[in-house]
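Protein chains in written order, with the working numbering: chain P, 1 to 316; chain X, 1 to 333; chain A, 1 to 508; chain H, 1 to 315.
Note that these hints are calculated values from the structure, not bench results.
Even for Gly, the Cβ is constructed at its ideal location relative to N, Cα and C.
A couple of the hints might just be wrong.
Residues from chain P that keep clear of chain X, each with C-beta distances beyond 10 Å, as calculated [unchecked claim]:
1) 89
2) 124
3) 183
Using 30 Å as the maximum straight-line C-alpha spacing, the simulated DSSO-like pairs for lysine-lysine come out as follows [as the list claims (entries may be wrong)]:
4) H:54 to H:238
5) P:145 to H:47
6) H:83 to H:54
7) H:283 to H:83
8) P:145 to H:54
9) H:119 to P:145
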Amino acid sequence: MARFTRHWPLLATAVVLIALYATAAIAYPGFGSWFQFTRFFSDNATLGLAAIGMTFVILSGGIDLSVGAVIALSSMVLAVLMSRLDLSMWSAAPMVLVLGAAFGAFMGGIIQVFRLPPFLVTLAGMFLARGAALLLSDAKRIDMKDIESVRSLSERHIAGFSLAAMVLVAAVVIAAAVLRFTRFGRTVYAIGSDESAARLMGLPVARARVGAYSISGLCAAAGGVVHLIGMQAGDASAAFLLELDAIAAVVIGGTLLAGGRGSVIGTLLGVLILGLITTIPNYQGDLNTWWIKIVIGLLLLAFVLLQRAAQRWTEC
Amino acid sequence: MPDSMSRLVWPLAALALLLAFNAVVSPSFFHLHFAEGRLASPLIDVLNQGAPVLLLALGMTLVIAAGGIDLSVGAVMAIAGAVAARVLETDASAAAAVAAALAVCLAAGLWNGLLITFAGVPPIVATLILMVAGRGIAQLITDGQIITVEPGSAFLAIGRGALLGLPAPVLIALAAAGALSAAVRLTSLGLFIESVGGNEEASRHAGLDVRSTRLAAYAIMGLLAGLAGLVDAADIAAADANNSGLYLELDAILAVVIGGTALTGGRFSLLGSLAGAILIQSLSTTILMAQFGGRSVPVELNLVIKAAVVLIVCLLQSSELRRLLLRTRRAVA
Amino acid sequence: MAHALVEMRGIVKTYPGVRALDAVDFTLRTSEIHALVGENGAGKSTLIRILTGAERRDRGTISLDGAMIEPRTPLAAQRLGIATVYQEVNLIPDLSVAENILLGYEPRSRLGWIGWGAMRERARKVIADMALSVDVSRPLRSCSIAVRQLIAVARAVDQRAKVLVLDEPTSSLDAGETAQLFALMRRLRARGLGIIFITHFLEQVYEVSDRVTILRGGRCAGTHATGELPRLALVSAMLGKTVERAAPPAAVKSPGVAGPRRECLRAADVFRRRAMQPFRLSLYTGEVLGLAGLLGSGRTELARLLFGLDRRDGGQIRINGRLIRRHSPRRAIRAGMAFTPEDRRTAGLIAHLSVRDNIVLALLAARGWAKRLGKQERQAIAERFVRSLSIATPDLRRPVAQLSGGNQQKVILARWLLMEPTILLLDEPTRGIDIGAKEQIESLIDELRARGMAIIFISGELEEVVRVSGRIMVLRDRAVVGELAGAAVSTADVMRRIARPAAEDGHA
Amino acid sequence: AVVAACVFALPGCSKKSSSDSGSDPKALIVGFSQIGAESSWRTAETKSIRDEAKKRGIDLRFSDAQQKQENQIKAINSFIAQKVDAIILAPIVETGWEPVLKQAFAAGIPVILVDRGVKVSDDSLYTSLIASDFVAEGRMAAEWLANALGGTGNIVELQGTPGSAPAIDRKKGFEEGIAPHEGIRIIRSQTGEFTRAKGKEVMEAFLKSAPGQINAVYAHNDDMALGAIQAIEDAGLKPGKDILIVSIDGVRGAFEAMVAGKLNCTVECNPLLGPAAFDAVAKAVAGETLPKNIVVQDRVFDQSTAAEVIDSREY
Ligand SMILES: Nc1ncnc2c1ncn2[C@@H]1O[C@H](COP(=O)(O)OP(=O)(O)OP(=O)(O)O)[C@@H](O)[C@H]1O
Ligand SMILES: Nc1ncnc2c1ncn2[C@@H]1O[C@H](COP(=O)(O)OP(=O)(O)OP(=O)(O)O)[C@@H](O)[C@H]1O
Ligand SMILES: [Mg+2]
Ligand SMILES: [Mg+2]
């Protein structure tokens, strides 16, 4: 019984999401098309990947402000490795993923060892990664469209889903499994819920914390790879302030910012909700810049209020 | 209090370090002289330009201490400038413009607070809504244009006036800091905020009005963001709804955290936030002023330098590092 | 033959301003239950936190099975075979009961994936062994303190350790639960375990322990075979002075009350769905109304409803004659009510605030933010209560989190006493409090009652309820099932009422 | 209920508006992906295109990307899903467009680029480009300034947002332009992020760190120049006289400053691309072939011509 009621908030979120989608699909021609549906996944894949990593960190009671910058840095590093050093995608991409994970682990290590606020450490990480990305190339962007592997990967679609969309879905499944079925995953929840209790229970707090940050780094690096393939370019200014959207997606998806409670499935819902909300103005017609912003704000407001209402309703 | 003092030492030490660095790298940094009836020096500039962040950081300290966060402050700044500029266009007095802008910003703060306390929306999402929509509202007010304030307007005194040689923004920021620390010390508000942010459940048991305490923090934040927006608009004699306060919320949060207030809520230090804000601004000014071998710092390096400084401040704050150092020193001895 | 299992020698631990342990020696043998007793703040928790790697000692040595050990973290201690239940229950509220029992030891497939089915199965078995009935897949958050405490014990027991440390495991258990726990402890002792058992209940020391070590002010005041140590000697060793009376305090309720009695609280048909059946309650000035019942019978829920912490789904509450409509703690406090919660860590204290601020918090809250109290005044108030309740703290500006468990409880009590409420709801106020302090609190309750205060008193310790209260309401399964009054009421009467089948309730 | 009403009213009202414009069955639907609203120049460009669409009875789908290429790609995808007749794109950067433009191409939707080009392997992926040449603008500014300085002087540069295309090109063009003049040096160069406030802040620092050495300011846009003017006045100097100032864009504020003698020169970068863009759209939809590049002619204005031109400035 308790096992099912626990999922009510998530279901409420999903129901509101579907209702919003259905309404928009009825109101706007083309919104309900398969093409647009697949785009929700591919256009938001980078955000989604970052948000998955962010979910681990937030569950562990931390925060990671560096993800946007790590996406930019890894897309730049990958571009440099492939275009300057002529490495293949298959050898360069794993290196970038390892680099991302190592960067995350480094930040997590500093947070753990020196007991520093994650906000500060990851903000420094954000400056560092963004700065390094900018320094890596004078042009700030490296054009990759002439590299065959990038080209073919970016044009590969299955039933309209791009590689990015498939990576996103795979990542959600893996992350959900890791959180639910591994000791590491449960420890991440434990330290976010009550760190001192977790320590007294003899759980490997340090390992879980560093692990959460390195997964965030890994996911961001994967986001960078996906970004490079999608854009066919390495980009030092990619994903600017994406961390805010990622945090918002995680929180909208029902994960507590204080840690300990939440899920990656929720995060995926959160990402899709943000994607949906920011896409609606594109269909709305001639709204000007400021009305677009106001409408996005209102939609977000309407969504969270409906979500709250639905959750309250299911609670009693 | 010895405890709060020790928390303050490290941001101040970092600030001193940075200033010392400036004294070496750009000697004109500490050069003081009078120009246009006010003191002119990079040092004063730091305070002058840092005034908006400083004002934001003060409010953000309370909001964070009460267990929240506010991402909308940059947008609220833009709204303040926009409202003031529009009111000034109608030939109303500067006082009316200021009052109107502050009233609107107070409402914005209350809106955030209500959404969080009564509708139960998580702070980060609630204020994200206003962060996005608020800039739209500001642009709606200005019609997306930069509205220039008439050169003679008394309103400009907020940004460019001076008293006793000190520029008005500095005075406003310091006055706000003084008033706020008096307000939290001389009333029970500070204790309530710390208590609500530290343990909401226990605060409710003790009979605290958790909602209105949070609401008060957000209302104060709204007012201070409005003030920051007015200073910003008066400084450039124009309301730039597109850019005013853009990304400043991050600087404000950074200042608060550097100042030793934990993002998880609870204890806070206004003085620490003050030091944090000044540290951030002097960092930008340092980068702008520094010359190495006759060249200015390449733009690309700005962020890397910022990263280094933030990390150093972090490490200075870390009692763990100090403990490690002590232990190794003892081991060596 | 029993040999020394754990030997701690010359343990020293200093906190800023406090010498918590001063050259303490302690020996635990195999197959023994070793009680550790002492006043609040004597250093019991600190000693075991050092043994279990939760805290670093300044000096001293620890050996296990004759080999020097250096446990730096609780994990390391667990690996060495030292399992612990800490005083303030340390479990993960957001995880399920099953995980809280098995986290770190969960059954896993060959690939390292957690087997949830097997885990629940095993947790269910452990829970059943302890005669508990809890759905192991629900979050720990939804369990009461007492249940959590038992789960913590279950977790420690399940680790198959050599040494089991229990820091006040019985503080919120009722007699039945305690008996079950003791049976379990004896079984484990038979298996050769060494058990360290901290408690403030002297009865329990004599009931279950083989040897007892007394700590006083951070020093060891002797180790004795329990059977050879008279109670009087034990108490004088704890208090460091000779006492005339070692038996638990006699019934304190004296009939005398200042002024005429009047009804100050009346609840009519108050209920909350899924939490509390409709009940009626009248409370008069100058009386102590005890609430008795088993674990989870709804005593806490009843008190929360009265205080306005949970919204009631129906019924009326009048405080001092005034009908309380939109009930909230603020309104209850304004009407003259006060409530000390059973869970002081999450509901009582603001951990990082100072002792002083925690004491004056409710007063300030009631005055509103604009009417401040000067620093001197606050200091004076706090000092008065620190003295009158003998709260052990080096100074008033210390964060309350650094106080020992019992002293934290006194801080909350001080917070409410200074409000001079007409109605005082005390939920487990004596939990984790040493006998000296307990006696003090009990006589304080009587003193307050005599001054005309109306008190609702909840305690898991039936003797105490009977001793302190003039009238007792009995609860079972979230319903009030009867009321007993008069000086002749005994624990046996109460127990009979609790055990009486539901069908007979009507004839109360 | 209020909330629900607000969500569902939104699509509702869109229906109404689209059926209003849809009363003419042949009304074109055109998607316009704009970068954002970071400067008055950008706002003027947006306004020009929206006004022109209204004038021609075109059903415009406007999208504001808030400075993110990701959002622009999202917008183009949703334009494709809506089966618009044409897309106008103001690309924030040059690279990264190939995949999405291929999608548009496959859907048979013509794409008109405004303000700057894109790098694609096959330029049939877009129909036409209507743009100014940022490098040329930088060069023009340099030439004017070199001339005004008489071949010697110290310049400080206020760069645009790091990494943005105009910032890169205007810096490059300017450096090319001053290269022949040995006596001219750029002594400070920092980013003012295209905003007035940052322009002022950076200029204040420059004035303090190189007191008395600055002869001229080159700003990548007018807004930063206007901020710099204030900083110079605050320092007790006369902008336009003690320190020469040249910038790019030619917004109305710049002309006002020139009339007041505080700004010396602005290189126009015309944002009023609406008419040209919809001419191109009309032709593309009609199946006519278009020139690949339609270069917008930019002019240099200085104080001598400012007064007569100012009244004709629309933005
Ligand atoms: N983290 C800490 N910082 C400072 N002082 C502490 C800390 N923990 C404990 N103390 C102090 O050490 C002394 C011993 O505390 P301890 O918790 O061991 O007492 P105890 O015997 O367990 O008491 P109780 O029966 O009340 O639980 C107390 O004076 C307490 O205030
Ligand atoms: N033995 C138990 N098994 C399962 N759940 C229990 C048990 N005991 C208590 N609970 C749960 O704990 C919660 C709180 O009960 P409550 O605090 O009102 O009981 P109580 O009479 O105050 O007893 P105590 O405080 O001693 O636990 C309830 O939600 C109840 O479901
Ligand atoms: Mg203890
Ligand atoms: Mg209870």
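Going down the list of hints, with the structure as the test:
1. 89: 27 Å, holds
2. 124: Answer for residue 124 of chain P: violated, closest chain X Cβ roughly 4 Å.
3. 183: 26 Å, holds
4. H:54 to H:238: 44 Å, violated
5. P:145 to H:47: 34 Å, violated
6. H:83 to H:54: It holds: about 20 Å lies between the C-alpha atoms, which stays within 30 Å.
7. H:283 to H:83: 18 Å, holds
8. P:145 to H:54: 37 Å, violated
9. H:119 to P:145: 9 Å, holds
Going down the numbered hints, you'll see the structure goes against 2, 4, 5, 8, while the others check out.
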